[in-house]
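Heads up, the sequence shown is in our numbering, so the first residue is 1 and it goes up one at a time.
Treat the hints with caution; some may be incorrect.
[To be verified] Ranges between beta-carbon positions, derived for each pair:
| no. | residue 1 | residue 2 | range |
| --- | --- | --- | --- |
| 1 | Met123 | Glu354 | 50 to 56 Å |
| 2 | Arg157 | Arg199 | 15 to 21 Å |
| 3 | Glu271 | Pro54 | 25 to 31 Å |
| 4 | Arg374 | Pro399 | 32 to 38 Å |
| 5 | Gly265 | Gly198 | 34 to 40 Å |
Because the hints were derived from the structure by calculation, they are not lab data. Glycine residues also receive a C-beta, built at the ideal position from the N, C-alpha and C atoms.
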Amino acid sequence: MGGNAGTARTPGRPRWTGPGRDDGDAGHDDYDDYDDDAYVDVVHRTWRHAATRPDAVAIRHAGDVWSYDDLVRASSRHARRFVAGGLAPGDRVLLVAPTSVGFVQAYLGILAAGAVAVTVNPMCTARELQYFAEDSGCRLVIGWHENARIAADVAGRLDLPFVELHDIAPGADDEVFEPVERAPDDPAVLLYTSGTTGRPKGAIITFGNIFASTWALCRTFDTTADDRIGTALPLFHVYGQVAVLACALDAGASVSLLRPFSGEGALRMAERDGLTVLCDVPTMWVEMLESARTLDPLPNITSLRLAASGGAALPVEINRAFAAMFGAGVADGYGLSETTATATCHRPGREPREGSVGQAVPGVEISVVDELGRVLPPGEIGEITVAGKNVMAGYRGRPEATAEAFSQGRHSGAADRHLARPLQRRELPNRGRQAARRLVHRRFRGPWKGRGHQHHDVRDAHPVHR
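Build the full structure now, drawing on both the sequences and the hints.
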């Protein structure tokens with residue numbers, strides 16, 4: 001990710017024909033011109049890289065390296081085991097694992113078998129895991145070996161099969177599994193929301209959603225197979241899973257994984273692996289800057305051409321400080337689980353505007369509407385609607401919540417869904433209010449937070465809401 005938008009494309013990537021193709025300042029692009037014929041799901045794209053560039057590096061972690069051939073053969077072992085155990089296309093699999101090579105291998109194995117990955121935080125309690133397993137109708141539970149007991153106990157309580165997950169070392173010689181063909185509208189992942197309106201809801205992310213998001217991000221940041229992408233983000237979350245991992249696999253790039261996170265560890269990883277792209281969240285950038293002040297010599301990360309931030313608003317002062325110290329600006333962005341991690345982002349090489357989370361990415365249309373769905377002029381406060389093929393299919397088993405999330409806007413049909421999120425805290429309860437606080441904080445509270453970061457003794461600052 002990085003560089004001038006709209007120039008580099010990997011083979012098979014759709015050519016953009018709508019407005020704004022060569023104009024990074026366009027408010028949005030005409031997603032109706034998206035080329036559906038170019039759709040290739042993330043599994044087949046990964047398998048294609050393994051077939052054409054088997055020795056290309058796919059993953060780096062803890063000093064070890066996995067090629068695309070290693071990754072596909074390890075994932076094939078999982079897929080074959082799942083299918084032999086009776087897993088059928090569309091079945092849900094609860095994946096309880098941290099950022100690790102094992103997560104990636106099992107995740108691709110689940111998708112290759114045609115099943116749906118239900119990725120959750122490995123720090124969840126037994127009660128939370130049981131809820132996710134029951135609500136999603138899981139047929140299988142996979143738990144990371146370091147904390148497998150809780151997941152195994154939940155599986156036993158629900159009479160579900162359990163698989164303890166480990167990394168499969170490089171050099172696996174398993175026969176390559178033939179992935180199940182999946183259409184763009186077939187579900188790939190079930191991502192549970194934070195549950196501030198009550199019990200968490202599972203957002204259905206389709207293979208087409210993932211393709212739309214990786215297409216948009218790779219185009220925006222010119223991601224190619226030559227990129228070396230790194231992150232310490234949790235892969236169970238949509239940001240790390242789609243905006244980082246899936247984008248790297250889409251382009252045939254490599255991804256370096258760091259766990260646990262430390263500021264020094266992230267900088268050392270960037271230096272050691274010659275990273276060109278580093279993706280993290282604002283608190284991580286703050287920690288890296290803090291660590292850099294104590295390191296002598298400073299890690300050499302001149303290979304870095306792009307730093308990408310998400311998950312929360314990034315203070316402009318942090319962006320400027322990182323760019324001054326390391327020569328690469330941080331591109332801030334905004335997205336939701338329901339929009340498959342993508343909606344807006346700052347374009348690389350441009351001075352970020354304080355209080356802004358950037359412009360709509362290609363294939364996405366952003367509008368601000370009133371309570372009747374009418375588009376409001378600039379400066380007015382209303383609901384943000386996100387339209388595009390990156391928008392989820394709906395919430396599993398919750399037709400009313402799905403209907404409430406989708407507005408009756410200017411577009412209709414599966415390809416033109418609108419997801420509404422409120423800007424005014426008083427308008428909607430709980431979940432709406434939390435989203436409202438995030439958006440209002442970016443638009444109205446950003447300058448106050450920014451002033452805190454301007455003082456040399458302030459490490460991080462956050463507004464307190466009453």
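Compare the structure with the hints numbered earlier in the document and write down the numbers of the violated ones, lowest to highest.
Numbers 1 and 4 - these are the hints that the structure violates, sorted from lowest upward.
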